[in-house]
Amino acid sequence: MRDFSSELRVSIQKYHDEIESSYLAKRIIRTKITRSEYCWLLSQLYYLHCALESSWQNNLGFSSLYDTSIHSRIPALKADLELLNEGNYYALHDSTVRLLAKFEEWNVTNHYSLIGALYVIEGSRLGGVLLKDLLYDALKLTNKEGAAYFLGTSEFWHKSWREFKRRISESPEMESHQELISNASIETFQGLTDLYNTRPFI
Numbered sequence: 005m006r007d008f009s010s011e012l013r014v015s016i017q018k019y020h021d022e023i024e025s026s027y028l029a030k031r032i033i034r035t036k037i038t039r040s041e042y043c044w045l046l047s048q049l050y051y052l053h054c055a056l057e058s059s060w061q062n063n064l065g066f067s068s069l070y071d072t073s074i075h076s077r078i079p080a081l082k083a084d085l086e087l088l089n090e091g092n093y094y095a096l097h098d099s100t101v102r103l104l105a106k107f108e109e110w111n112v113t114n115h116y117s118l119i120g121a122l123y124v125i126e127g128s129r130l131g132g133v134l135l136k137d138l139l140y141d142a143l144k145l146t147n148k149e150g151a152a153y154f155l156g157t158s159e160f161w162h163k164s165w166r167e168f169k170r171r172i173s174e175s176p177e178m179e180s181h182q183e184l185i186s187n188a189s190i191e192t193f194q195g196l197t198d199l200y201n202t203r204p205f206i
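In the working numbering, each residue carries its 1-based index in the sequence shown increased by 4.
One or more of the hints may lead you astray.
List of simulated lysine to aspartate or glutamate pairs, DMTMM-like, C-alpha gap at most 25 Å [what the hints assert, rightly or not]: (1) Lys36 <-> Glu24; (2) Lys163 <-> Glu177; (3) Lys169 <-> Glu24; (4) Lys36 <-> Glu177.
Pairwise CB distance ranges, derived in the manner of DEER restraints [stated by the list, open to error]: (5) Phe205 <-> Ser175: 43 to 49 Å; (6) Glu24 <-> Lys82: 25 to 31 Å; (7) Asp98 <-> Thr146: 30 to 36 Å; (8) Ser58 <-> Asp141: 33 to 39 Å; (9) Thr113 <-> Asn201: 25 to 31 Å; (10) Asn63 <-> Arg13: 19 to 25 Å; (11) Gln61 <-> Lys18: 27 to 33 Å; (12) Ala83 <-> Val112: 27 to 33 Å; (13) Lys82 <-> Phe160: 19 to 25 Å; (14) Ile74 <-> Ile206: 35 to 41 Å; (15) Asp98 <-> Val14: 27 to 33 Å; (16) Asp141 <-> Ser175: 41 to 47 Å; (17) Lys82 <-> Thr146: 16 to 22 Å; (18) Arg34 <-> Glu159: 26 to 32 Å.
Think of the hints as simulated: they come from the structure by calculation, not from any bench.
Given the structure is predicted, the values throughout are model-derived calculations rather than measurements.
Here a beta-carbon is modelled for each residue, glycine too, at the ideal position from N, C-alpha and C.
Start from the sequences and build out the full structure, keeping to the hints where you can.
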């Protein structure tokens, strides 16, 4: 049996490398990101998660693949923005609007494409957890508050994520949709790279 999840990971590696070289990612890695830049980024991620998690839960059967109501990152984004920016959100950026339009298109035309989007956005937890100490340093955070978005990687989540990858690899239902899923994962990565390459205050 094909290990579609592993094939998907290999197919998007190039785009993963590109986002690591983006403007905001390098600002985080070099501990140069400002609080305003980080809150801007959290605001855009909040809009993306709200749309994707809602579309996912509204598609019958998808919650059995991966339950975004249990693993939602929206509460963490809200908590971080409440602490760091008094609960204020920056306006939608054009790059975010474009990616939201993709989510809506996929939800209407072929909702299996949402699996590709979720694979990228939820899978980012695996790398994101490596950034938390850099954020603590750059933003002068104490008691690990303000970086909740990058701390959602409990063993329970890892177990759910492994099960999700197993199911999309083994389900006969998924086989005819694998190209759509792969294409959507690439487009999601490209959209996120555009977002991370934004210089919000220049």
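Consistency of the hints with the structure:
Our distance criterion of 25 Å between C-alpha atoms is met by Lys36 and Glu24, whose separation comes to about 15 Å. With a C-alpha separation of about 22 Å, the suggested pairing of Lys163 with Glu177 holds against the 25 Å cut-off. Restraint check for Lys169 and Glu24: satisfied, since their Cα atoms lie roughly 23 Å apart, inside the 25 Å limit. The hinted pair formed by Lys36 and Glu177 fails the criterion: a straight-line CA distance of about 46 Å is larger than 25 Å.
With their beta carbons about 45 Å apart, Phe205 and Ser175 fall inside the hinted range of 43 to 49 Å. A beta carbon spacing of about 26 Å between Glu24 and Lys82 agrees with the range 25 to 31 Å that was offered as a hint. At about 35 Å, the CB distance of Asp98 to Thr146 agrees with the hint of 30 to 36 Å. In this structure the hint that Ser58 and Asp141 lie 33 to 39 Å apart at CB holds, the actual value being about 34 Å.
Checked against the hint of 25 to 31 Å, the C-beta distance between Thr113 and Asn201 comes to roughly 27 Å, which is consistent with it. Separation of Asn63 from Arg13 is about 23 Å and conforms to the stated range, judged on CB atoms against 19 to 25 Å. One distance hint, 27 to 33 Å for the beta-carbon pair Gln61 and Lys18, holds here, with the actual separation near 31 Å. The supplied range of 27 to 33 Å is met by Ala83 and Val112, whose beta-carbon atoms lie about 32 Å from each other.
For Lys82 and Phe160, the hinted distance range of 19 to 25 Å is satisfied, since their beta carbons lie about 21 Å from each other. The beta-carbon spacing between Ile74 and Ile206, approximately 39 Å, falls within the hinted interval of 35 to 41 Å. For the pair Asp98 and Val14, the supplied restraint of 27 to 33 Å holds, since their beta-carbon distance comes to about 31 Å. As the Cβ distance of Asp141 to Ser175 is approximately 42 Å, the hint placing it in 41 to 47 Å holds.
Checked against the given bound of 16 to 22 Å, the beta carbons of Lys82 and Thr146, roughly 20 Å apart, stay inside it. Checked against the given bound of 26 to 32 Å, the beta carbons of Arg34 and Glu159, roughly 31 Å apart, stay inside it.
Of the numbered hints given earlier, the model fails hint 4 alone.
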